[in-house]
Amino acid sequence: MRPGLFIQTGLIGHDREESLKLIGKLLPSSIVLVRKDFSDRSDLLELIHSIRRIYKVEKDAEYPYIAVDQEGGNVVRLAFLNYNPSNAFLGNLNNLRFTEYVGSRTGYDLKSLGIDWNLAPVLDLSSPYNQVILERSFSSDPLTVAAHGSAFIRGIQSYGVAATGKHFPGHGGVLGDSHLMLPKDERGVGALKSDMFPFQEAIKEGVSSIMLSHVLYTAIDDANPATLSPAIYNILRKDLGFKGLAITDSLNMKAVSKDFSTEEMGKRASRAGADILECVDIDRAMEMSQYLDMKDEHGSAERIIHLLPEKRALIEPPSEIINAFALIGNSIRKPYIPLDPEARTAILFLDDTRESIVGDSFTNSRGIIKRLKETGLKLDNFTSEDPEASYKGYEQLIVIGRNEHLKERYRKIDDLMNSRKSIFISTGVPADLGLFPSNAGYISAFSTRVEAIVGAVFRAFGFF
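My numbering puts the last residue of the sequence shown at 490; the count rises by one with no breaks.
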């Protein structure tokens with residue numbers, strides 16, 4: 027069998043044309059696309075057409091699976107789609123039917139573009155200090171994560187798009203970002219079993235694939251991260267009974283690439299039990315393909331060939347439902363007296379820094395202000411770079427930020443909020459709730475989506 031069958035790679039490392047030439051040599055079974063690979067919908071469609079042409083016309087090979095990370099929230103590779111606000115939003119709303127609808131909408135949209143495989147949903151338990159997970163998780167409660175993860179999987183796979191539960195056996199119990207270093211989870215087996223529960227339920231739901239994490243679980247294997255650990259794959263296959271496709275997280279990430287050579291990663295991951303080795307760097311993927319030593323080559327090939335679930339649904343899920351829920355799905359975390367719609371109000375957008383390199387969605391302050399001003403509210407917008415003097419004459423202040431407990435900038439706005447009627451709107455997790463003045467209200471929007479933030483502002487003014 028060709029080595030590329032057991033590889034998922036991307037276009038990273040070269041311009042598009044050169045990357046496509048290399049893909050034509052490797053013929054990976056899957057190609058994962060990121061936002062910078064295309065400019066818009068039409069460019070994406072052209073790219074997918076070019077990839078298919080290489081396989082079918084030039085190489086007489088089966089089409090590869092086109093994959094993306096379309097999680098929703100701050101991880102959306104296809105920003106032009108009507109994506110869900112975030113998993114934390116869904117978990118807080120706790121409407122399983124809506125979560126299943128979100129999966130259905132995602133599946134319908136991806137299938138219509140020619141995308142077969144979504145590297146979602148995240149099934150990790152949330153931790154307010156794990157910067158790589160945050161609002162990517164449905165909840166800190168394993169029962170909630172399991173229920174919503176299964177609902178999302180049910181929805182997306184009904185349109186014939188493969189879902190991926192990640193990052194097995196759970197990335198939520200560590201603080202480090204595996205894109206940058208190898209985190210160690212030193213908890214006991216009991217705690218790890220709690221983290222595994224959502225994956226167990228996803229397997230019962232029939233999830234097509236599971237992605238393993240670049241985390242070292244010392245209670246199970248103190249020498250290998252999960253992606254390279256025979257013991258972890260053994261738990262997945264024998265203890266949990268998973269018969270679907272097992273894929274590594276990307277092997278170009280520093281959690282593993284810092285300490286293991288490309289040859290070591292290729293040999294260890296394939297021998298441990300991975301069916302597909304993900305490496306988004308095409309050069310490294312080509313080198314890695316030389317060192318594969320599959321634990322069960324025939325079994326892996328069968329799981330790859332039969333990755334896609336049966337398409338059962340045909341009707342397009344109405345897109346308006348996501349916008350409607352995004353507008354009203356915010357949550358009051360600290361009580362407040364509604365702002366006066368007739369008073370002059372400053373709205374401060376804190377600079378939208380990312381906590382992790384995996385995120386790629388930002389607050390569209392211009393779009394938000396445009397929508398709000400259409401209502402006639404007396405709003406003026408500022409950024410965190412504006413001098414404090416700019417706020418003189420404003421009786422009310424709305425501050426929009428995210429995960430301020432991971433940053434120091436909140437100290438600079440305390441005085442501003444103390445001196446006037448104020449409300450903080452969070453687009454992240456509410457772990458920073460206690461940082462702001464006691465007189466300030468707090469609303470969780472759980473999202474940087476325009477609709478979610480606009481809805482939170484409407485709620486700040488008491489419209490609902």
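Among the clues, some could well be false.
In silico DSS-like cross-links for lysine-lysine, where the CA-CA straight-line distance does not exceed 25 Å [stated by the list, open to error]:
1) K62 x K269
2) K269 x K219
3) K337 x K293
The calculated label-pair distances, taken between Cβ atoms and stated as ranges, are [as the list claims (entries may be wrong)]:
4) S410 x E336: 41 to 51 Å
5) H431 x E368: 50 to 60 Å
6) G488 x G50: 58 to 68 Å
Quick caveat, the hints were computed from the structure, so don't treat them as lab data. Built from N, CA and C at the ideal position, the CB exists for glycine as well.
Do the hints match the structure? See the list:
no.	hint	verdict
1	K62 x K269	violated, 34 Å
2	K269 x K219	holds, 19 Å
3	K337 x K293	violated, 35 Å
4	S410 x E336: 41 to 51 Å	holds, 50 Å
5	H431 x E368: 50 to 60 Å	violated, 34 Å
6	G488 x G50: 58 to 68 Å	holds, 60 Å
Going through the hint list in order, the structure does not satisfy hints 1, 3 and 5.
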